[in-house]
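K.L.:
Sequence:
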Amino acid sequence: MPVQGSSFRLKCYKGSGHHRARPGGHPNTAGKEIGRGDFVSEARAAEPEGMPPKPAPTHFLSIPLAGPQLARSWASFRADVTSPVSFGLPEDAVRSLGTLHLTLGVMSLKQDGVDKAVEVLRGLKPREVLAEVRASTTVSPLRQRDDGTPAATPSSPSDGRLSVTIRGLHAMQTASKTSVLYAPPTDAEGILYRFCEQLRKPFRDSGLMEDEGRPLLLHATVVNTIYVKGGGGRGRRRERLTIDARDMLSRYDDYAWAEDLPVTKVAICRMGAKKVEGSDGDEAYEVEAETERRGGSHVLRTGTAPSNRHSTSGSHATGSSSGNANSNSSNLPAMPPRAAMMNSNAASPEEPHDGANSGSGSGAGGTSSSERRDRDKDKDKDSARPSSSTGHYASAKDKHSKEREAALREKDERIAYLEKEMGIMEREFQRELDKLSQNESETATFWQAKHSALNQQFLRTDTELRLLRAEVDVREAEREELRQGWEVLRRELKERDDEVRGLRSQVRGLKEFVSTSTRTDGQTSDEVFGDGMARLGNGLQNWVIMNFRKAKLDLSTVDEATLAELNELVPMYEELVHPAKVHLLQSIVSKILVEMVFDAYFVGLSQEQTRHFRQMEELLCSFAAPDEAVNQWRSSTLALLRREAPQLLHSETSTFVESVISRTNRILDAITVAPSSSSTDPSPQRSEARDSALRVLVNNSVELARLLVVQKAVLRVHMPHVLPHQQTLFEAETMEDVGGEDEEALARRDIWCVVFPGVIKHGDENGGQMQFRNVIAKARVLCSPEE
1 MPVQGSSFRL KCYKGSGHHR ARPGGHPNTA GKEIGRGDFV SEARAAEPEG MPPKPAPTHF
61 LSIPLAGPQL ARSWASFRAD VTSPVSFGLP EDAVRSLGTL HLTLGVMSLK QDGVDKAVEV
121 LRGLKPREVL AEVRASTTVS PLRQRDDGTP AATPSSPSDG RLSVTIRGLH AMQTASKTSV
181 LYAPPTDAEG ILYRFCEQLR KPFRDSGLME DEGRPLLLHA TVVNTIYVKG GGGRGRRRER
241 LTIDARDMLS RYDDYAWAED LPVTKVAICR MGAKKVEGSD GDEAYEVEAE TERRGGSHVL
301 RTGTAPSNRH STSGSHATGS SSGNANSNSS NLPAMPPRAA MMNSNAASPE EPHDGANSGS
361 GSGAGGTSSS ERRDRDKDKD KDSARPSSST GHYASAKDKH SKEREAALRE KDERIAYLEK
421 EMGIMEREFQ RELDKLSQNE SETATFWQAK HSALNQQFLR TDTELRLLRA EVDVREAERE
481 ELRQGWEVLR RELKERDDEV RGLRSQVRGL KEFVSTSTRT DGQTSDEVFG DGMARLGNGL
541 QNWVIMNFRK AKLDLSTVDE ATLAELNELV PMYEELVHPA KVHLLQSIVS KILVEMVFDA
601 YFVGLSQEQT RHFRQMEELL CSFAAPDEAV NQWRSSTLAL LRREAPQLLH SETSTFVESV
661 ISRTNRILDA ITVAPSSSST DPSPQRSEAR DSALRVLVNN SVELARLLVV QKAVLRVHMP
721 HVLPHQQTLF EAETMEDVGG EDEEALARRD IWCVVFPGVI KHGDENGGQM QFRNVIAKAR
781 VLCSPEE
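Oh and the sequence shown: position 183 is 183 in full-length UniProt numbering, straight run, nothing missing.
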């Protein structure tokens, strides 16, 4: 911007080899963020049908923004909004520091247009433009607002500089669904806005910049989701990436990006930011040409001759035909004409002045000084002229007298004009003074009423305050009493705590004594068996559903031996074939596991070994040994076998598991048919996956059965035997219905089949007290439907 005693220089950068990092972002038109061809698509969408498409913009006119404070604010903002714990914006959405700028307009230029734009930029005189803007903005002390109150007169900076304050954060679209966020400059007096309008006016007048009929929106784009990969929204079905920025706008509503940032450059940049060599991912726009404040001249630089300077000193003079004595005064913004006249008249009542600045070399003031000098010269000539040339001297004197009379008439006319102007200004002053007096009277009345109301409010508040203070005194006395009572209660509570700690210590000792006295080594809690049976039952149910959900039951082709075996396992199978297929299959597998696994003395022993153990147990019982001693002997003996079973009984256990799997598959394959097979087709081949899952279930059953028999208490797997000719009623104590009916509704209902067995415990943890009975896991049964 123009400052006193300085001017701008013009730089040009051509060719890809002279890219300079210049702040800037994609330009806009009427506040619309432009980037990656969006300007072209939106411009074409706005064109009427039949009109040729507008050329894509190639350059833009801008005011670059740069400074240490802006860099720090930008870095803090970028770190916050891209943090995953904050807003989590993609890093590409935040514009680079080198692309921050205020856009004045966009242009579509070819090479000849670029040269023309550079010439227009060279002809700009920002200092004079700013002086004119400030002069038009400056108002007299008599100016009033619309409401009649005096308006403040904006003060121009003492050094004539223009600085920008960037504060806040706004959304280009709706805050809840936007893709562009920008930081606006503060411009309360409108100087910056009018200055930018005047800067781009020559480009519009020359046809380089198209006037789209929309107001200029000065802003610095800081967030644009178009630069996020996949966020450009190109194509018919792709939408631009949008964000909900309401919380972000609330946090950065008054965020100070830069305070008093000096405006020193006006640049023409090319579209498309490029990476800056030697930087850490920063981007900038290639500068085609720029003006920069430097000394008192404009300098033109090209890529091949960066030191080529063209002096333009004196180009900012304001119309004086001769040089001004005071060069600094020509750089100051000019006063409004009427205010200048008042100041000139006040300076010297005897000396006439025109409406120009006092430092100007033209006008009435300049003519009066020259005539005064002419009169002095004439006097000198008259005193030095000899007496012999009296006639010639008289004619010259008459000529000079006429000239003086003409000058006096001109001065009289000028004085009359100035007196007329002064009268007009006096009348305006009196009118404004009357308005101010009236406004002052109204203001005084308003504030007197306001003072009276506030005084009444103060008196009421003072009375309430006195009452509250009295109440506070009463509350403080009560608080002191409560504090004393609190101290007493604290002492009593401390005594009680000491007593409680002593009692806890005694209870802890008693627990340790009881635990030591009643410790049972190698015994497992009932919850372990309950959880184990529940997991085994659920696993069996899932296995049946996964492998036989779509299978059909067909007993017409089953041989007599298989039917007899099926009748032993599930006597009610004929009634369950159609209404309860899945429950029938679960009952068959459960019965096989109970007979072969859970009813075994110890899984893995041969029949002869099992017979020897049973004979020894019967022998001990024949000696009238108590049940507790026999159970402890059995637990200790089988616990020894269980510890060594993985090594000693590995092969026997594997053979036993395969026999269980073989029997189960043989029966199930005989009675089931795949959905796509006919009744005459052979049984479907067993899949390896089905056998693997069944093997896991059988191994889990073996481990659970071994754990049951090593307990000192007697734990029996309970699976009621249901016969067609015998009524077996539902018992809520030992059974649970898989049909989901209420237990009260199941009372006195018959059982169709037992889907999965339960576990009942006899005796205590030491193997004695056999009269005790505890149901650890209830058997899962299917009750017959109500008749």
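Keep in mind that the hints were calculated from the coordinates and are not lab data.
Among the clues, some could well be false.
Simulated crosslink set (DMTMM-like; lysine to aspartate or glutamate; CA at most 20 Å straight-line) [unchecked claim]:
{"hint": "1", "residue 1": "Lys229", "residue 2": "Glu189"}
{"hint": "2", "residue 1": "Lys201", "residue 2": "Asp211"}
{"hint": "3", "residue 1": "Lys177", "residue 2": "Asp115"}
Ranges of calculated distance between the beta carbons of each label pair, as one might list FRET restraints [said to hold, decoys possible]:
{"hint": "4", "residue 1": "Tyr417", "residue 2": "Leu249", "range": "20 to 30 Å"}
{"hint": "5", "residue 1": "Gln609", "residue 2": "Glu568", "range": "22 to 32 Å"}
{"hint": "6", "residue 1": "Arg614", "residue 2": "Arg501", "range": "49 to 59 Å"}
{"hint": "7", "residue 1": "Glu492", "residue 2": "Glu741", "range": "55 to 65 Å"}
{"hint": "8", "residue 1": "Val500", "residue 2": "Gly740", "range": "22 to 32 Å"}
{"hint": "9", "residue 1": "Asn766", "residue 2": "Gly485", "range": "54 to 64 Å"}
{"hint": "10", "residue 1": "His721", "residue 2": "Thr557", "range": "26 to 36 Å"}
{"hint": "11", "residue 1": "His725", "residue 2": "Gln609", "range": "50 to 60 Å"}
{"hint": "12", "residue 1": "Glu568", "residue 2": "Arg614", "range": "52 to 62 Å"}
In this text, all values refer to a predicted model and were calculated from it rather than measured experimentally.
C-beta atoms are modelled at their ideal positions from N, C-alpha and C, and glycine is treated no differently.
K.L.:
All hints are to be evaluated individually against the structure, with a verdict given for each.
P.N.:
Structure-based check of all given hints:
Simply put, lysine 229 and glutamate 189 have alpha-carbon atoms about 41 Å apart, too far for the 20 Å limit, and the pair is violated. Taken as a hint, the lysine 201 and aspartate 211 pair is honoured in the structure, with Cα atoms around 10 Å apart against an allowance of 20 Å. Annotation: proposed proximity of lysine 177 to aspartate 115 is violated, straight-line Cα distance about 41 Å (limit 20 Å). As the Cβ distance of tyrosine 417 to leucine 249 is approximately 57 Å, the hint placing it in 20 to 30 Å is violated.
A hinted range of 22 to 32 Å for the beta carbons of glutamine 609 and glutamate 568 is consistent with their spacing of about 26 Å. Checking the proposed 49 to 59 Å range against arginine 614 and arginine 501 shows it holds: the Cβ atoms sit about 56 Å from each other. The hinted range of 55 to 65 Å is satisfied by glutamate 492 and glutamate 741, whose Cβ atoms lie roughly 58 Å apart. Valine 500 and glycine 740 have their C-beta atoms about 48 Å apart, which leaves the hinted 22 to 32 Å range violated.
Between asparagine 766 and glycine 485 the Cβ separation comes to about 56 Å, which falls inside the hinted range of 54 to 64 Å. At about 28 Å, the beta-carbon gap between histidine 721 and threonine 557 stays in the expected band of 26 to 36 Å. The supplied range of 50 to 60 Å is broken by histidine 725 and glutamine 609, whose beta-carbon atoms lie about 38 Å from each other. Between glutamate 568 and arginine 614 the CB atoms are about 23 Å apart, so this pair departs from the stated range of 52 to 62 Å.
The structure does not agree with the numbered hints 1, 3, 4, 8, 11, 12 stated previously, though it agrees with the rest.
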